[in-house]
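Given the coordinates of chain A, work out where chain B should sit on it, guided by the hints.
Here the protein sequences come in this chain order: A and B. Be aware that the first sequence starts at -10, since it is given in our numbering, and climbs by one per residue. Be aware that the second sequence starts at -10, since it is given in our numbering, and climbs by one per residue.
There may be inaccurate statements among the hints.
Since the list can't tell identical chains apart, any single copy or any two copies may satisfy a pair.
[As the list claims (entries may be wrong)] Straight-line distance between alpha carbons at most 30 Å, and here's what the computed DSSO-like set of lysine-lysine pairs gives:
1. Lys11 <-> Lys48
2. Lys49 <-> Lys156
3. Lys11 <-> Lys139
4. Lys11 <-> Lys202
5. Lys139 <-> Lys314
6. Lys314 <-> Lys97
7. Lys132 <-> Lys314
8. Lys202 <-> Lys156
9. Lys38 <-> Lys202
10. Lys132 <-> Lys11
11. Lys132 <-> Lys97
Treat the hints as calculated values from the structure; they're not laboratory data.
These are the residues of each chain, in order.
Number of protein chains: 2
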Amino acid sequence: MAIRIGILGYGNLGKGVECAVKHNPDMELAAVFTRRDPASLTILTEGAKVYRAADAPEKKDEIDVMILCGGSATDLPWQTPDMARYFNVVDSFDTHARISEHFEAVDKAARESGHVGIISVGWDPGMFSLNRLYANGILPGGKDYTFWGKGVSQGHSDAIRRIDGVKDARQYTIPVDRALEAVRSGENPELTVREKHTRECFVVAEDGADLDKIRETIVNMPNYFSDYDTTVHFISEEELQRDHAGIPHGGFVICSGKTGWRDENKHVIEYSLKLDSNPEFTSSVLVAYARAAYRLNREGQSGCKSVFDIAPAYLSAMDGAELRKRLL
Amino acid sequence: MAIRIGILGYGNLGKGVECAVKHNPDMELAAVFTRRDPASLTILTEGAKVYRAADAPEKKDEIDVMILCGGSATDLPWQTPDMARYFNVVDSFDTHARISEHFEAVDKAARESGHVGIISVGWDPGMFSLNRLYANGILPGGKDYTFWGKGVSQGHSDAIRRIDGVKDARQYTIPVDRALEAVRSGENPELTVREKHTRECFVVAEDGADLDKIRETIVNMPNYFSDYDTTVHFISEEELQRDHAGIPHGGFVICSGKTGWRDENKHVIEYSLKLDSNPEFTSSVLVAYARAAYRLNREGQSGCKSVFDIAPAYLSAMDGAELRKRLL
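Only chain A is shown next, with the shape it has when bound in the complex:
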């Protein structure tokens, strides 16, 4: 019988999960839970239900794993522990400074209810974290560098949109080639924020807006832009729609370390992603970990886990013998 997936929150991430479930024959989308009016929501999957988010608890026997597709700022901190009372849960919580706290809250709820919760699943945190951990385990004393991009940063795009006179905007984070090359060479350079990434902004201004003022406001914005070399392009609404509609992203984790009795040999490990759609890739990782959550729970486990705690075999629909034969 297929693993019955529930989706809580039907934005870009939720839609991505719906698509990812379609790519996994051992799974089926049972229901989407929304805070909007269910009657107003059209989903793609035939046969899947649409329920009110508030009704989730009473649907607990219809869902094997609930995938939480809300935001890390205000949704997941309470939603994931709350849903862990009724379901196995997977989320993509990415507020780094609050991961410990979130882990504890989900762990408590999941242990009490006998479910498995897997948090901070995606690519960073997620696949990038795994690569930092593997490299660090193999080459202790080595150094790891993470670069993001080229890709759209939703947070930075939103920050620009909040500026007076801005109608719409898209911000790309771009890793600096020179920094990438220095890291790849195994030199272990010390890099400032400015040396690692640049930021490129495509802005649609309102008619008659003061472009110079918008540009100044962007490049001097603390936290978001002031520590970076930032380029601002003003374009038309049509150009934005035509050339910047996608949500690509990606990045690099590069680790280097030394071996040998006198550290005489150098090694460089590099992991990179080039993603046409950030939310769809993140969703695909969520769905693979939903399989793991289901299986671990069937084995009698409960409590909160991160990608660090999950043996890779649990992600695949293949069994151990087949995996060893085909992929080892």
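Here is chain B on its own, set in the frame of chain A:
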């Protein structure tokens, strides 16, 4: 108390393990076991013992994990199951066609004695296998490509050395840039053996040897060279020592797959290694998995496992909370 490591076989791999243990403060090298005369062996680690391989069983209380550093062709198929009767074991068994059989043999011995055995640890099989598995779990229906090199192939170098008139040789396996680029683009090309790798040979001939004949013998050698574009350079013994003394290697695992309701978005995942010393990197992976074997066994587990079955957190000396804080 430190994890006490034993090394069986003190060649390049065994020496690499010795160096890797030095880089891991939670471990210590307890003893090296050798089939040579122990008195003839000088090791680097102060305080570590050197014993006869045949005496290993009676030293079982001195060693927490035995790392097997013999070859896959004739040593590991009997050594790993044999040692699993007395120790937790880790090996780098890499004869792909015989992994299932080897897994079963180690599993039986390890279960009977209550130990953990981890087989086929290194980078391929090993880290490359993990990357194939993660990518396949996330993007089912995607395609994965593995390229090796640029690096020294010991097997191909040996095959050349066996030719009449050849004094010494070093063979490099080199991935073809055009093929790498085609795969990175997400085109999912069908590639022949010849299109993926070239082979470059540096050969020291004996005085008066027929160079043309040696070259012909190499490039037409079935299995090893005949399916590849192979270049042969004749060099002096001094040049070989000066320019080709190292054992570098590396390679690429590139996976691409699609997401979206109509497969409209493409994703490329790439993992690569650039290694100054193939045996020292492999050894470093073995040592990280020795930590996992020790911990799993302390938790009461037994039997054979591959890298697919080990949660990544077991590889690191850090505990769960520290890992989440520093690497997630």
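Alpha-carbon proximity between Lys38 and Lys202, which holds within one copy, between copies, both or neither at 30 Å: Answer is neither: 49 Å inside a copy and 73 Å across each miss the 30 Å cutoff.
Evaluate Lys11 and Lys139 at a C-alpha cut-off of 30 Å and name the case that applies: within, between, both or neither. Intra 28 Å, inter 39 Å, cutoff 30 Å: intra-copy only.
At 30 Å max between alpha carbons, let me know whether Lys139 reaches Lys314 within a copy, between copies, both or neither. between (36 Å within a copy, 26 Å between copies)
Can you tell me if Lys202 and Lys156 fall within 30 Å by alpha carbon in one copy, between copies, both or neither? within (14 Å within a copy, 74 Å between copies)
For Lys314 vs Lys97, is the C-alpha pair at or below 30 Å within one copy, between two copies, both, or neither? Intra 39 Å, inter 19 Å, cutoff 30 Å: inter-copy only.
Give the relationship of Lys11 and Lys48 under a CA distance limit of 30 Å: within one copy only, between copies only, both, or neither. The answer is within: 22 Å in one copy meets 30 Å, while 55 Å across copies does not.
Have a look at Lys132 and Lys314 and pick one of within, between, both or neither, based on CA distance no larger than 30 Å. between (34 Å within a copy, 16 Å between copies)
Check Lys49 against Lys156 for me: Cα-Cα at most 30 Å, and say if that holds within a copy, between copies, both or neither. Neither: 43 Å inside a copy, 72 Å across copies.
30 Å Cα threshold - placement of Lys97 relative to Lys132: Neither: 34 Å inside a copy, 39 Å across copies.
With identical chains treated as interchangeable, where does the CA-CA distance between Lys11 and Lys202 reach 30 Å or less: within a copy, between copies, both, or neither? The answer is neither: 47 Å in one copy and 58 Å across copies each exceed 30 Å.
Within a copy, between copies, both or neither: where do Lys132 and Lys11 come within 30 Å Cα-Cα? between (39 Å within a copy, 18 Å between copies)
Comparing the model with each earlier hint shows violations of hints 2, 4, 9, 11; every other hint is respected.
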